[in-house]
Amino acid sequence: MLSELLQGIESGGFLIIRDSCSYSGRDLLKSFITAALNREEVIHVLCFDVSEEELKDGLKPSDTQRLHIHNAYSDPLGWTGHPNFTAQQFSLEDLTNLVKQTSHPKPAVLVIDSLSWILRHKTPPAVCQTLQQLRKGGAVRAVIGLLHTDMHQRGTVGSVCHLATSLISVAPGVKGKEAVARVTKRSKSGKVMQDEEIFCIAEDFTVTILSKASHAEHKTNSTEEEQADPTANLTFNLRLSDSELEAKQKLTLPFVFSKEKKTALLHPGPGSGRILYEPDANDDYDQEDPDDDLDV
Amino acid sequence: MFTELNSILNTSPDSFTQGEFILVSDRQSDASFLIHHFLSFYLRARCKVCFLGLAQSFCHYGAVSQRLGVSLTQAKEKGQLVFFEGLKECLSVLLPKENNAESGAMNFLRDPPVGLRSLYEFVRSSVIGSGSMEEGAEQWGPNVLLVDDLSVLLSLGVDVGAVLDFSHYCRALVCSQIQGNMVMLVRCNEEEDDDDGDEGSEVLLKGLIHQCNLNLHVQGLPTGYCKDIHGQMEVCWKRRQGDAPHMQKNLFQYKVHDKGASFFARGTSSAVL
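These protein sequences, in sequence, are chains E and V.
Numbering follows full-length UniProt numbering, with no gaps: position 46 of the first sequence is 46.
Numbering follows full-length UniProt numbering, with no gaps: position 112 of the second sequence is 112.
Calculated directly from the structure, the hints in this document are not laboratory data.
A hint or two may mislead.
Unchecked claim - Below are the DMTMM-like pairs computed for lysine to aspartate or glutamate, each with C-alpha atoms no more than 25 Å apart in a straight line:
no.: 1; chain 1: V; residue 1: K238; chain 2: E; residue 2: D204
no.: 2; chain 1: V; residue 1: K238; chain 2: E; residue 2: D75
no.: 3; chain 1: V; residue 1: K238; chain 2: E; residue 2: E10
no.: 4; chain 1: E; residue 1: K175; chain 2: V; residue 2: E234
no.: 5; chain 1: V; residue 1: K249; chain 2: E; residue 2: E203
no.: 6; chain 1: V; residue 1: K238; chain 2: E; residue 2: E40
no.: 7; chain 1: V; residue 1: K206; chain 2: E; residue 2: D75
no.: 8; chain 1: E; residue 1: K122; chain 2: V; residue 2: D159
no.: 9; chain 1: E; residue 1: K177; chain 2: V; residue 2: E234
no.: 10; chain 1: V; residue 1: K238; chain 2: E; residue 2: E54
no.: 11; chain 1: V; residue 1: K249; chain 2: E; residue 2: D150
no.: 12; chain 1: V; residue 1: K238; chain 2: E; residue 2: D57
no.: 13; chain 1: E; residue 1: K122; chain 2: V; residue 2: E121
no.: 14; chain 1: V; residue 1: K238; chain 2: E; residue 2: E53
no.: 15; chain 1: V; residue 1: K206; chain 2: E; residue 2: E53
no.: 16; chain 1: E; residue 1: K136; chain 2: E; residue 2: E53
no.: 17; chain 1: V; residue 1: K206; chain 2: E; residue 2: E178
no.: 18; chain 1: E; residue 1: K60; chain 2: E; residue 2: E40
no.: 19; chain 1: V; residue 1: K249; chain 2: E; residue 2: D57
no.: 20; chain 1: E; residue 1: K175; chain 2: E; residue 2: E197
no.: 21; chain 1: V; residue 1: K206; chain 2: E; residue 2: E54
no.: 22; chain 1: V; residue 1: K238; chain 2: E; residue 2: E197
no.: 23; chain 1: E; residue 1: K177; chain 2: E; residue 2: D195
no.: 24; chain 1: V; residue 1: K206; chain 2: V; residue 2: D228
no.: 25; chain 1: V; residue 1: K249; chain 2: E; residue 2: E197
So here's chain V without its partners, still in its complex pose (with noise of 0.2 Å):
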């Protein structure tokens, strides 16, 4: 959890916006600092989450979590924190065994036009499917979907409208129907298009930050590489909040450290000044 984020964000693990759809989206830089930092911080406010972890294995999430102070392991094991490690299913869908339970979740691998229908209904089972309570289990917070990250379905056949029909179930299920929260990652590796309508992760990009209530759009700095500053962060408020303006976009630059983020006006850096 990085505590100058969620000054800039206005937020805390005890108080925050409920029904949000957060969106994180990087071009040519690697935002999946901002996942951990989601993961760690909905942890520590006692929200059940569940997440989608397409991109690394559980293990690497809950190195980096380590390093947050928040233990993935123990979370899990208390029913807090529903973990679905895409690279475990994808090798179980492509390789069946007669004794491991294949969800379904990922069977768009073997026939890709069938969409993220079950891919969508596990996340439905795991958020809604918790109603019914154990005895002696704890009563955990608002229901909160990660998801790391969109751009690995892209690249695994799935259609752009698919990606975009499961982005607005979800939304539907989880910021409208429960009143959780959902963070979803997508990356972009070429250079703004105007003229191509086709290209499938800029087509997926726009397409979010239309359903989204928050973007956090992570690019390198447009000068060039730089030791001390790793990149540049715009926030952008899409929905009214209140008395807050239409739009409101604020840009920071930010640096990684071992153990988090520190964010800064432009220009501010400690090594600058």
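Okay, chain E solo, but in the shape it has when bound (with noise of 0.2 Å):
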């Protein structure tokens, strides 16, 4: 599914990448831009986490007449007093100003970098009310955005991402250069796929996919060991033998508590423990009087 996620998203589309700390998910959005530039499409770039140079390293230079970076990383709060573009700009009107400033037949794709950013400075609500103003609004044919989804509450992570229709969650895999990647894909009819993939980025940005991670491993924990039989391969026999073994289970331990023991306990039978006692003329003894000589 990832694959056809680079082949092109439709028109209208909202695809979100969902990153971490412990990855980050900045190479897979540059593949999907070098993906798109390859199928000649024009690209505008919000960059407001990176730098441009750090955004074009490794891209190639001949596409970049279609691929136009607008830098919101050096001011995007308007603190030198002359800013490009601010967070504040990020409005229905303001990126459509921005796209059409650039004149192209084609409606372009618009790749956000990062969400995170516009979600620290505006509100959640507005965020979504103009990414999808954006959607629905013609100037740009499809968005894609990075959201790192450790900065923020789960709440605004969850209303961002019920916006978009293919969410990529991606995720450190196992061996160095591999990572995970969960693709959930919403069409337009309502259906829901999710997928889980392994895959790693080239130095040019391509994608290969290495493996479903769905079905790989942990199918060889599922063969328990047999458990190793003690009384066997002995000198002496620890077995028993049926009529040994129904004798066994006949038997009842001696301070078990068992039903008859509590009936004989609680209704003692005549004759039965009952003690006689006739004092002895030893057992009178007196402290007081050991001798017993006084008149008292």
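With the hints as a guide, dock the two chains, each given alone in a separate frame, to form the complex.
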């Protein structure tokens, strides 16, 4: 499913790449940019997180005519007084003007790196509203965003991801260069498809799907080892024959509190345990009168 | 300067990568020994250093650097080191005197929602403002910004978002614009909490990890206290560096001495072998 998404996002589509501290989704984002450039699409990138040079690093220089990077990295809050693009300008009108500045006949794909920056400075409802308007507006054909899930509350992440038509969550893989991608695709008919794949990204940002993670491994653990039989291979016999087994099960243990014992204790039978005492002369020992000769 | 750490990071005062953001973080431990390392490293490399010392006084850093073979007073006099003493500046904001020129960098103490814009302006002026060379002034190497530490700002009432904006702007200025280096220390006290996105120092740490190139994460040993091994340090390279794989993590154990620190692979401490 990852390769299908790389081959093209449908019109009005909204793809979110979710990453975390342990694995950065920027390389996958660059793969999407490369794939779209190879398809002769026009791409506008809103660059908040990293500098323009860092984003362009590794991309082929010949494609830069169709790639327009809007630098929101150097001054996203207007501190220097002459900002290029600020976080507050993330609204439908400003973005439409931005995209329409470069006159191309085809509607462009808008790439946002990253949505986390905007979510930190604008309220989630406003961001969701702008994103939804962008999808329906027509100024851009599709939107691809990078979201750092560990920087926001789960509710915020959930709300933004709910708008997406496709979601890719990336996590580090078992081996060095590999990574695991959980892809969720929501089609227009309402059907939701999910898949999990292992992939790796080459130097030129082409993605190689290695295998499907759901079917691999975990099968070796299912075969349990057979229990070793301790009574085998001995010089003496530790096993029981059938009659011996029966006799053993019939045996009542001495200190087990069974029903018979309980009734015997609660209702003592006649003559069982009655104590008869006849006072003996030696037992009549008075501490204060040991010789028994005081006239008290 | 710890020579073993230099070999682990593959740097030396003569050759180091420029434009890097090195994040030093710790969890229930004290990673400030790494800040002293980087301070003496960059001073030895003849870089122009701007040091925001928010956690300790100038004398403290001076005394420790003396043991590492670098004199902060001399560096300050020569103009190589611009030292921002956070503790003193705090007092000048809270107890303003007539003859005390308030730099205004710490005015977020009076008004936390304002954010760290003035602190950023201070950094900008000390890093770029040195363009006007006086006669006979020495030529220094690339600019370096050191911050010790960012978590102090959180406890002074600054919002996590404001601290992340500050580090973003510093990175845009120091690393990208003038190709210098930046080292910041951030400290976490609590255990990792998966659910709560509101926890200040955790969100700050995660946000900074997303921004940095190299992360040195210091923790205590998972098995408990040990007299000969003071803790473990995880070195995490984030960005692509030529042929290096996407994200490389290495784990080392360390011991801090009187005049330095020694690093070794897990289980190879001289006390154990």
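Quick rundown of the hints versus the structure:
| no. | hint | in the structure |
| --- | --- | --- |
| 1 | V/K238 x E/D204 | holds (18 Å) |
| 2 | V/K238 x E/D75 | holds (24 Å) |
| 3 | V/K238 x E/E10 | violated (32 Å) |
| 4 | E/K175 x V/E234 | holds (18 Å) |
| 5 | V/K249 x E/E203 | holds (20 Å) |
| 6 | V/K238 x E/E40 | violated (31 Å) |
| 7 | V/K206 x E/D75 | holds (22 Å) |
| 8 | E/K122 x V/D159 | holds (15 Å) |
| 9 | E/K177 x V/E234 | holds (19 Å) |
| 10 | V/K238 x E/E54 | holds (13 Å) |
| 11 | V/K249 x E/D150 | holds (20 Å) |
| 12 | V/K238 x E/D57 | holds (15 Å) |
| 13 | E/K122 x V/E121 | holds (24 Å) |
| 14 | V/K238 x E/E53 | holds (17 Å) |
| 15 | V/K206 x E/E53 | holds (23 Å) |
| 16 | E/K136 x E/E53 | violated (31 Å) |
| 17 | V/K206 x E/E178 | holds (22 Å) |
| 18 | E/K60 x E/E40 | holds (13 Å) |
| 19 | V/K249 x E/D57 | holds (23 Å) |
| 20 | E/K175 x E/E197 | holds (14 Å) |
| 21 | V/K206 x E/E54 | holds (20 Å) |
| 22 | V/K238 x E/E197 | holds (23 Å) |
| 23 | E/K177 x E/D195 | holds (20 Å) |
| 24 | V/K206 x V/D228 | violated (31 Å) |
| 25 | V/K249 x E/E197 | holds (23 Å) |
Of the numbered hints stated above, those contradicted by the structure are hints 3, 6, 16, 24, listed in ascending order.
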